[in-house]
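> Residue strings, one per chain:
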Amino acid sequence: MTFSGVISTGWVSHDGKRPPAFLVASAVAVALAALIPVVYLIVRSVGSGSEWADIIWRVSTAAVFGRTFLLIAAVTAISITVAVPVAWLTVRADIPLRRVLSVASVLPLVLPSFVMATTVIEMYSPRGVLQGWLSIFGVERLPDIYGLGGATLVLVLMTYPYVLLTVRGALRRMDPGLEEAARAMGYGPIHTFRAVTLPMLRPAIAAGSLLVGLYTLSDFGGVTLLRYQTFTSTIMIQYETSIDRTLAAVLSLVLVVIAVVLLVGEGFTRGRGAYHRSTVGAVRPARRADLGRWRWGGVAVVGLPVLIGLVIPIGVLVYWLARGLVNDQQLLPLLIPARNSLYISLLAAVLTLGAALPVAILAVRFRSGLSRFIERSTYIGFGLPGVVVALSLVFFGINVARPLYQSVWLLVFAYGVLFLPAGIGALRSSLLQVNPRIEEAAQGLGRSQWRVISSVTIPLVMPGAFAGGAMVFLLTMKELPATLILSPIGYRTLSTSIWSAASEAYFGKTAAAALLLVLVAGVPTAYLTLRGYGPRAEVATRTSPPSAPPGLVGAGH
Amino acid sequence: MWNRVASLWRASVVTAAVCLPVIAGVACGAGADKPGPLVIYSGRSESLIGPLIADFEELTGAEVRVNYGSTGPLAATLLEEGKNTPADVFFAQDPGGLGAIDTMLSELPSDVLSAVPEWAKDPEGRWIGTSGRARVIVYNTDVLSEAELPDSIEDFAKPEWKGRIGWPPTNSSLLAMITAMRQEWGEDRTRDWLKGIIANEPKTYAKNTPTVAAVAAGEIDVGFVNHYYLHRFIAEEGESFAARNYYTRAADPGSVVLVAGVGILEGSDNKELAIQFIKFLLSVSGQQFFASQTYEFPLNDQVQPNDLLPALEDVTKPSIDLGDLTDLAGTQALMREVGALP
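Respectively, the protein sequence lines represent chains A and B.
Mapped onto the working numbering, the consecutive letters of the first sequence carry residue numbers 1 to 557.
Mapped onto the working numbering, the consecutive letters of the second sequence carry residue numbers 1 to 342.
One chain only, chain B, in its complex shape (with noise of 0.2 Å):
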């Protein structure tokens, strides 16, 4: 046995001086003439997105590779990359991930572009919008009714409704909604709201899911969101999962819709699958998958929301275009001041 494992580690140290130049080389040497497999950094989970990546193989015969991982590491991972990354399509959970890269992205072609509405996507046409996702107010529903809820999110500054609040500060849709009042409110107004918010006292959370699960344990009467996570939490634990989502009535930035997104990478060398599979994401059924699966709001308005959700023009969202919700800066350097973000 002692001199097994010995032999081990010296067989250990000797396998990796000669097989590594070995598999390097079948590495190498793969993939060098025609345009391999479509290379996707996705930021959106397997869980999410699996199924619909198979059916794009599926109906083109192409192979697709995806590499999952959060859309914030991912990104850096690209920056690091740089020039060299295998990635063709980068799929991101928020405009932030596709904007802090948005000069490695090459420029979608304008039949593509037209696919969705103007708010949903990158001015100058690097990154295109591919579902929607509403900020909400979760409520605990043994606590509150809609109707007792405040027509408008600034509203919740109000010192009734100390102690009673839930967020994830350090959310990138959180960061999007407060960049969404400073640019429809003006910065004295934001700040004024982010002072009232944190003199009553909010209990941050790591994520959206933690907070939707505190919503509906009653650990907080209120909680700022994005929609969809509810919609999971209610297919896993059933109707009688305690919290219900709010879309402001009034027409101001609690409601604002943000999109999931999809850019090329300008170092690919598949760009033509990579076009197919952007088109396939805004195609009838591509959408219909974001609707009935993952619970968003489908920017092609021929494909209708789930039954759940209200449709995308009933909710009040105020006219903002994502394209100008890329000073992420300001709002953290506003959000730091405020002492909502260390």
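Only chain A is shown next, with the shape it has when bound in the complex (with noise of 0.2 Å):
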């Protein structure tokens, strides 16, 4: 039997399609090595004392983990609400600025989670900078930002665009068919985008969800600033305050089984149902909605975010720079650190969409429990704290591949281990709406498999490929504790150059480094937004008169 006959052999999709086997081989590497932190955390748990079982116990307790759902529960659900409307308005309607939105309303996704806590402590605090602006008015005191609240309005700022990404992806190969027919058939605007829109970007919003949950389970450095505890929090003080690696692998531990929870919830929200165009053919791009008198409207609801999430962090860091100069404080050199950053995303982003693609191919098109397992598998990095999974790829370069060992390589590996779900929930995404018989037809022609995927699929998930780019590229941006482990010594990055600063109270040298960050991160995510827009869509005219409230899409004209 032929290799890829072993390969093949018992694994045989529902719709009983053979996967070929170079797609299985490296959708299973994947897997493999996107599995190296759970192998890491088993080795180091087993051998612990009868004494974890304790630790767990006292630990894990229901507040821990009722605090812990509360807000990923919250942070999840406001982020869908800010980002869908953001998505479809960027994307669909024609709004004032429109570009310059679409890029400025990812850009949150650059800034570390310190760097957006610390700035929504310094703005909103009790005795913040709101608070003095308020002063005038007699207020004296703001509510408490800490807990809760605080807590969710950091994450959500730092996690609304994986779910914006995903939508706009999928946005922009829907086929406005199905929306104009509704259109035609006499549904209002609403009721479209309600019984057609929405369903239809069910699976980019899951796939954003995803993120904006496993990360929220991971995060730490926003949690413990605005002092509200999660399990991760709580693991993480195991961590800093007992070096005791046991301890923080058993705890890991049953972190990985939340993500898998997790993981198990976002599987019951998948439908069976196709996302594609039915018939062969072109998707056009869709028209966009003109609307009318409230596209000031349209500009509020996607300035806001960006307004709290971007403008007034920079806001706070132009302040932390110019006091810092003006008290003769030195910046550091940031030329090195600026170029690194660029060039080690680029690399990841890359590399972790070259091993996304055929996991993502697998679980879409090749659909079985085996290659569903792949996919998932690939998640539970994302839940993990970077500190966790950089120490495991410290276990596997010193015990495995020792030539990689602090080379720029084993770090885009971490990246990638880190980042992998970003890029396939993007592509799986774009791949659920390319219509499988357009493949099939390539192949009915006589081109191989591996000519199929090369010349016709990836081509045809492009924007879901852009979109997982220039997130796998902001959170390589934005990456600390790996980085800080796992770099060539003396490799300096632009988040190890604002950690530097940040972590010695240095606020001038912190703001120096983090606008850069947002400066350098601008440029590839201008490129990778706008990318995806392609041609200037045509912009409907307007159905109805400047008066009624805002049409969707001009069908039928």
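A few of these clues could be false.
Have a look at the derived ranges for each label pair, beta carbon to beta carbon [unchecked claim]:
#, chain 1, residue 1, chain 2, residue 2, range
1, B, P117, A, T246, 33 to 43 Å
2, A, W57, B, A251, 36 to 46 Å
3, A, A62, B, E63, 48 to 58 Å
4, B, I198, A, T246, 23 to 33 Å
5, A, L97, B, S292, 48 to 58 Å
Examples of chain A residues lying across from chain B (beta carbon under 7 Å, computed) [to be verified]:
#, residue
6, L225
7, I237
8, R245
9, G324
10, V387
11, I398
12, S500
13, A501
14, S503
Keep in mind the hints are simulated off the structure, nothing from the lab.
Small disclaimer: the values here were computed from a predicted structure and weren't measured.
Every residue, glycine too, gets a C-beta built ideally from N, C-alpha and C.
Got two chains here, each in a separate frame; can you build the complex from them with the hints?
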């Protein structure tokens, strides 16, 4: 039996198709790499004494779990509520400043959580900047920002772009025909959105929300600064207060269990429906709705998260920088860190998407229990604290891949293990919108499966690839714990420069590096965001008189 | 465009397969024969000690490569790397980090150890303090004056301080202070103090920095922190920063002086340069750097502290040897018992 025969034997998808061997082999390799942290945690936990059982019991109180799930639920729900309208307005409506806002609405993703948290505290704490502004109205003290409210605010600002990016990718490839048909049959714009558009967006919303939930689960910097205790902050306390790897590993395994619960939960929201055009043919771009006098309302909806999540933090950073400079604070040289950040993030984005592709294709085109397991297993790293993943790769590097240890390659590998789900989620939701019959047609015309994937599938999932690439790029730009532990000795990036200054309360230096991070991240983000737009879509003519509520799509003219 | 991206994907797979061994081979080949650069794992950040490292390189002509990180994760990394660690020197924020890996450290020569007082080094000579950091009470100057503050940290357990205190209970220096209390006061008295503090509903902060910021912002009246953060805030924000440090008048653990310290890894093949580096840190110029740039207390008695600080002998510190503050687990257990830690 041939190699490919061995690999594909016993692997038949629900609809009876057999995946090509190269696809299975590369997807399995990716999944194995993604599971390194779990293997490490099991190895480290074995041989731990009996005391760990007590510790799990003590730490895993109902209150801690309750708070963790409450935060995840709140952040996910609010992120969806914020992101879906922003996505629709920036893709499907002709609002003023659309391109600028499209890019700016993604950028809060690049702010490291401790920068976002510190700027939020500076602004909205009981005696913060906002209170200073309000003091002319006699406001002496603002309500406490700390706790669930503040932690939710910080995490929503940092995570709504996940949903935004995946939903935008989906909106761009969605066939406007269905919506137009709904309108033609007399559905109003809102009814059309609820009955047609939203259900079609479900895989994209789910993919983005899963990232939001897992990120919230893994976040440490944001929640501790906002003084909200979650399971991860509890684990990290064990890490910081005692350097007990066994204990931290045992507790992290509990985190793996929570991540699996989230993954299974998301699995239930996935339907078996089709999300692609039922007939073969090119999807034409949707025409943009003309919002008429509601245009500025649309700008306000998109602008509010940009204001709170980007403009105000940048304002605080500029203030810190100016104050530091006035007080003669020296700045650190940032040219090389900026170059390193850019280089390594682009490398991570390209390689991670390359690794994500076979997993996504296998999961969508060859649905089976096994392909599903492979896809889901890549998500676990995203729900673990960066330190845990980094230490697992120290373990892997020292014991298995010695020549790669402390090279840029192991660092990029770590980014891949951490951020694969961002690439897979975006590709997956894009792939669902491509009718498999297009690929079948290409195969029927005599192209090999490899050629079909490279010349048909990949071009068609580009909107998802751009969205996923943007996410991996931005996530890598700000990643800290793995960068600190795994980068080659002496390798500096913008995020390590920010940390270096922030951990010693040098706010001017922190601000200089953080502002440069936003600037350097902005250019590729602009490219990735605007590139997916393709040629300028035609703007719909108004379907109703100017006084009427906004029209959705100008159908049937 | 599409074909380009498609080929990019393929190219990346090929690149990974072809380049990795090549690059790895180059990396492996280097540094096998003569001792390479001095490799330091530093829990102290670059913004603090970067210039000092540059001075050392200039002075000796040696090449130094530093892996900056947080003390805890770096210690965990060292444990994970074990004998294979590329590190020659571990420069830690606190004795706790050094204590966690002290079995991996080699004994320092006696001429190095003699440079600092007895209380500021490992009794077994495996690590040595390089600069002192005092525990202080930082207070809001709009609400309090130093005269209104009690002589001893013990008094903050009284009900009059309810709702006015902030602390970072997970911070290693704070835990070291509690360990010093157990050493000095005994278990029961420390427990009573902690219970009193918890009854006063202290606000818990993630770290020292946000605690100091919260004091200045008036969120809390007093905070239990290390002394030098205040001076960095003042340097950054100006003299109007509304907080100052108070070194307890009573010689109690509230003003115990801790150290940042350094040790040499057992497996280092660069021990001579490593010793030279430690000697440099303890030299007059090295110690002057800490005094002037990081606002820490020099441990070499030929160097005076920063003008902003009291003299080290005027800090009424209790007679505690840092080598005795090893029972971190006992402190954590006590903190959990009273509900200060989860």
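> With reference to the structure, classify each hint as holding or not holding.
Going down the list of hints, with the structure as the test:
{"no.": "1", "hint": "B:P117 with A:T246: 33 to 43 Å", "result": "holds, 36 Å"}
{"no.": "2", "hint": "A:W57 with B:A251: 36 to 46 Å", "result": "holds, 41 Å"}
{"no.": "3", "hint": "A:A62 with B:E63: 48 to 58 Å", "result": "holds, 54 Å"}
{"no.": "4", "hint": "B:I198 with A:T246: 23 to 33 Å", "result": "holds, 29 Å"}
{"no.": "5", "hint": "A:L97 with B:S292: 48 to 58 Å", "result": "holds, 50 Å"}
{"no.": "6", "hint": "L225", "result": "holds, 5 Å"}
{"no.": "7", "hint": "I237", "result": "holds, 5 Å"}
{"no.": "8", "hint": "R245", "result": "holds, 6 Å"}
{"no.": "9", "hint": "G324", "result": "holds, 6 Å"}
{"no.": "10", "hint": "V387", "result": "holds, 5 Å"}
{"no.": "11", "hint": "I398", "result": "holds, 5 Å"}
{"no.": "12", "hint": "S500", "result": "holds, 4 Å"}
{"no.": "13", "hint": "A501", "result": "holds, 5 Å"}
{"no.": "14", "hint": "S503", "result": "holds, 5 Å"}
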